[in-house]
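Starting from the known structure of chain A, fit chain B onto it as the hints suggest.
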Amino acid sequence: MFTDARNLPDHTTLEADLAIIGGGVAGITLARALAGNKTRVCVIESGGLEFDPQVQSLYEGENTGIDYSTTLTRMRFFGGSSNHWGGYCRPLDPIDFETRDWVPFSGWPFAFDELVPWYQPAAEIVQIAPGHFDDSRYWQQQTGEPIPEPATGRLRLQFVHFSPPTHFGSRYRDELKAAANIQVLLNANVTNITAAENGGSVKQLAIRTLNGLNQSVKARYYVLATGGLENARVLLLSNDVVKAGLGNHNDQVGRYFMEHPHLSGFADIVAGDLVRLPKIFRERVTVEGRPAQVAFNPAQAFLREQQLLNATFMVGVAGIYQAGTLAGSGDSNAQARRDMLLAARRFLSDEGKTTDPNTLGVWLGVGGSCEQAPNPDSRVSLSDQRDALELPRLKLDWRLTEQDRLSFYANLRSLALEFGALGIGRMRETVTDPRDWPQPVAGGSHHMGTTRMSNDPSRGVVDRNCKVHDVENLYVAGSSVFPTSGSANPTLTLVALTLRLAEHLKDRFR
Amino acid sequence: MIAESIRLSRRRFLLMALASLTAACSDTDHSASVGKAGNTGAEPVWLAHIIGDPEACARLGRAYLAAHPEYYRGDTLVADIQQALAKHDESAVFTRDPQRTVTALQLLVREEYIRGEVEAVTGWTLSITEARLYALAALR
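Residue numbers (the working numbering), protein chains in the order written: chain A, 1 to 510; chain B, 1 to 140.
If we strip away everything but chain A, and leave its shape as in the complex, we get:
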């Protein structure tokens, strides 16, 4: 059942067994996992079924760190940020879960294996083919093209799967509507998670609508699932009992904000002969209706040996150089790429001849996304500015460290070596000053770490079951619980984690 909170009488109180704050990827996944059983679930969504600029403006925030949009990187209506999701899917790597002595504050409370059983059902939810994320042989068989194995020991091939992408709101709306035990409350903004007097449990949720109504939801258990920025903000706003914010006894809420710094335009690759560059290396290849593409990812042994952070690189054809022409003449970059293709032809093609005699080679653009080390000074806090509900806006201070940057450059070097070692191409870095990032750094709309998971309450906000430390009936779902980010896009993992949380909650309700 879907209910518009704006149409309920003022001061209505709804009751449920489980209240899920947020109708995005995590909230919908959790509700679906509980659909059809006896648990009464109430999903509380700030937006409606469609985009509304007035609702979206509640996401506006103050920015004091790296330039970052708090409104363009997320969506505030049913389905949440899946409404503008790119669909990239890959599990985190086992090393991402480990305590790495060269990565401060690293280590999840459990190992990768704990999540493995949840990745397969998560794959179904985001409509991708299950598995084969690192199985070159499978993709070789499926595509019929030889796939060279990395030669340097520095990189490995990962196969990114692409969701259609699944827009959770439209995809799963009817299913939730049909579930007798689920109520979705739309246009309902949670303004306070009201704690009991000792702060050790949640009594109810205070809700306000943009047309000025106040309502509440009471439940046995509560799950906060409003996204990696808003989860921290809602906890910090819930400060009527615990002044520092709910779950924030140890000043951990909002800290360790992580993104995947996304970079492009920092390097060119030229490849001499497409015969040496399988299609799946350079574009999405569809197998049984499901697209996938290679990502170049540092080998885990190499990360350990060199004490680096994780990274992901993908390449795509940016231009084709025809033989015998001077295309791009006058453009020094084009001339440099052309020169490299002409000079290295005997290293990049068999007998110095490309399979297509009309083609000199191709120019590949390189995109990179890297892990940033958890950093307590990279954080979300509350601003002095207020939104339309008179609540303090979010203040974001995204920071990167020298370790993040140096690690990126080291991983980038591996890509250059690998293309050379495989005889595929040559790479040119266009970075002029290694003391700086290659360009203004962008994020990938991946908001992680602000309610991080740790067994130690002094080092995290939630425990291994995603329950807020010291609050007995409050959980957090979503990528805000990631203690480290890896370099894989977070959606698949946050869906897997949410399914794991659903199983835990089912046990609580038994």
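The set of hints was computed from the structure by calculation and includes no laboratory data. Values in this document were obtained by computation on a predicted structure and should not be read as measured data. Virtual Cβ for every residue (Gly too), placed ideally from N, Cα, C.
What follows is a list of derived Cβ distance ranges for each label pair:
| hint | chain 1 | residue 1 | chain 2 | residue 2 | range |
| --- | --- | --- | --- | --- | --- |
| 1 | A | G265 | B | F94 | 43 to 53 Å |
| 2 | B | A120 | A | Q141 | 32 to 42 Å |
| 3 | B | F94 | A | A323 | 27 to 37 Å |
| 4 | B | F94 | A | N358 | 36 to 46 Å |
| 5 | A | H84 | B | Q83 | 52 to 62 Å |
| 6 | A | D377 | B | Q83 | 47 to 57 Å |
| 7 | B | T122 | A | G367 | 18 to 28 Å |
| 8 | A | D135 | B | F94 | 41 to 51 Å |
| 9 | A | D113 | B | Q83 | 43 to 53 Å |
Leaving out everything else, chain B in the frame of chain A:
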């Protein structure tokens, strides 16, 4: 055949390498493949078979030479290329078959990428031997 166990003195190596060059050149159509390489007097016969477009190679090679002026002496450049090749495949240095040398150089270049023996030349990450080959092209 990798000959890492062989310990040649630099002087002896240079003499052997130059001797092999002379031998190779004498068996070849000079008008087709022998030119003037800096002050070496003659370029290796395999050079024309390994480099791509001479002008493009020379442009990269000049950038490398600017950072390594010691290599404006082409004989030093040739000797160092051959010394690297000998460590990888000694017989490829002394063969009279230029194609065999070329194949060995191609493999050497790939190995240098694997080992990280590279240098940035106008921003391009190039294997050291590859960069030296372009430098040799610039001295023609």
